[in-house]
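Undergrad: Could you build the full structure based on these sequences and the hints that come with them?
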Amino acid sequence: MFSQKDSIVNFFDSNKKVINDKTKATTFEILTKQNDSLWLSRKYKRNGKLYYYQHYRTSDKKIKIGEGIVYNKHGKMIELCFYNEGLKHGRYKSWFDNGNLNTEGRFYKGKKEGLFKIYHYNGILAGKAIFKKDTITQDIYYDINEDITNKDCVICKKKPTFKGGISEYRKEFAKLEKAINYKIDGGIYIHFVIDVLGDVTDVTIDEDIPEKLYDELVHFFESLKGWSVAIDGNRKVPFNYTQKINFKL
Numbered sequence: 045m046f047s048q049k050d051s052i053v054n055f056f057d058s059n060k061k062v063i064n065d066k067t068k069a070t071t072f073e074i075l076t077k078q079n080d081s082l083w084l085s086r087k088y089k090r091n092g093k094l095y096y097y098q099h100y101r102t103s104d105k106k107i108k109i110g111e112g113i114v115y116n117k118h119g120k121m122i123e124l125c126f127y128n129e130g131l132k133h134g135r136y137k138s139w140f141d142n143g144n145l146n147t148e149g150r151f152y153k154g155k156k157e158g159l160f161k162i163y164h165y166n167g168i169l170a171g172k173a174i175f176k177k178d179t180i181t182q183d184i185y186y187d188i189n190e191d192i193t194n195k196d197c198v199i200c201k202k203k204p205t206f207k208g209g210i211s212e213y214r215k216e217f218a219k220l221e222k223a224i225n226y227k228i229d230g231g232i233y234i235h236f237v238i239d240v241l242g243d244v245t246d247v248t249i250d251e252d253i254p255e256k257l258y259d260e261l262v263h264f265f266e267s268l269k270g271w272s273v274a275i276d277g278n279r280k281v282p283f284n285y286t287q288k289i290n291f292k293l
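Each residue of the sequence shown is one higher than the one before, starting from 45 at the first, in the numbering used here.
Derived by calculation from the structure, the hints in this document are not laboratory data.
On a predicted model such as this, the values are computed, not experimentally measured, just so you know.
Ideal Cβ placement from N, Cα and C applies to all residues, glycine included.
There's no promise every hint is true.
The following label-pair restraints were derived from C-beta to C-beta distances [claimed, not checked]: (1) L241 - A218: 24 to 30 Å; (2) K66 - R101: 23 to 29 Å; (3) I180 - A218: 45 to 51 Å; (4) E212 - E260: 19 to 25 Å; (5) D50 - N194: 51 to 57 Å; (6) K66 - K106: 43 to 49 Å; (7) G208 - L94: 37 to 43 Å; (8) D104 - K177: 26 to 32 Å; (9) R214 - D252: 24 to 30 Å.
TA: Now the structure itself:
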């Protein structure tokens, strides 16, 4: 066990830049020395929930090694990857928020090697490909009905958009800001998911705020209609969105 001097705490703003004022941090990291050639990085949301876990060779975090894990805001593992001297090496898996597999395969010295599989949100196989040094040698893809689909569709990747564009979203959001009347100093971050139907779900807020305000914010975002669905590799997938609201006393 190492003393406190063998741990480093870093605070980050919303752009993931290191800052000194921890009151303005959206995330923070505890970097702990485990031996002369091994440091453990644990990153947390501002509410204290762990979301990232990774070992490094040195405190400058240039060389990843061993197991790396990413967690969602509820503490569920959503990505597992292994590294050897800074390169992805070994099995790789990722999961959707419902627990179903998203992707699985293997890396060898930083390159995809062998069989990779991707899945639809409901757990149905969406495609499989054989890789040789990061190059696909064979592949086949399926739609949500398990029928073979056009390979050209698989390259498609789109983030959700709001009906009428970002200006329409800002108009709706402005209505919320005008309606809010609470004495809170600073900003709060609202996290929500745009699901595979285009509905807003799983609204959460990191900060401690009045219960009535929390309920109003959740109701507003869950009632907001007009989002398109995110597309990744011809698959409808959930999309995590974060919105900041600034308050002034």
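Undergrad: Now tell me, hint by hint, if it's right for this structure.
TA: Verification of the hints:
no., hint, result
1, L241 - A218: 24 to 30 Å, "holds (26 Å)"
2, K66 - R101: 23 to 29 Å, "holds (27 Å)"
3, I180 - A218: 45 to 51 Å, "holds (46 Å)"
4, E212 - E260: 19 to 25 Å, "holds (21 Å)"
5, D50 - N194: 51 to 57 Å, "holds (55 Å)"
6, K66 - K106: 43 to 49 Å, "violated (25 Å)"
7, G208 - L94: 37 to 43 Å, "holds (38 Å)"
8, D104 - K177: 26 to 32 Å, "holds (29 Å)"
9, R214 - D252: 24 to 30 Å, "holds (27 Å)"
Violated hint: 6 only; the structure is consistent with all others.
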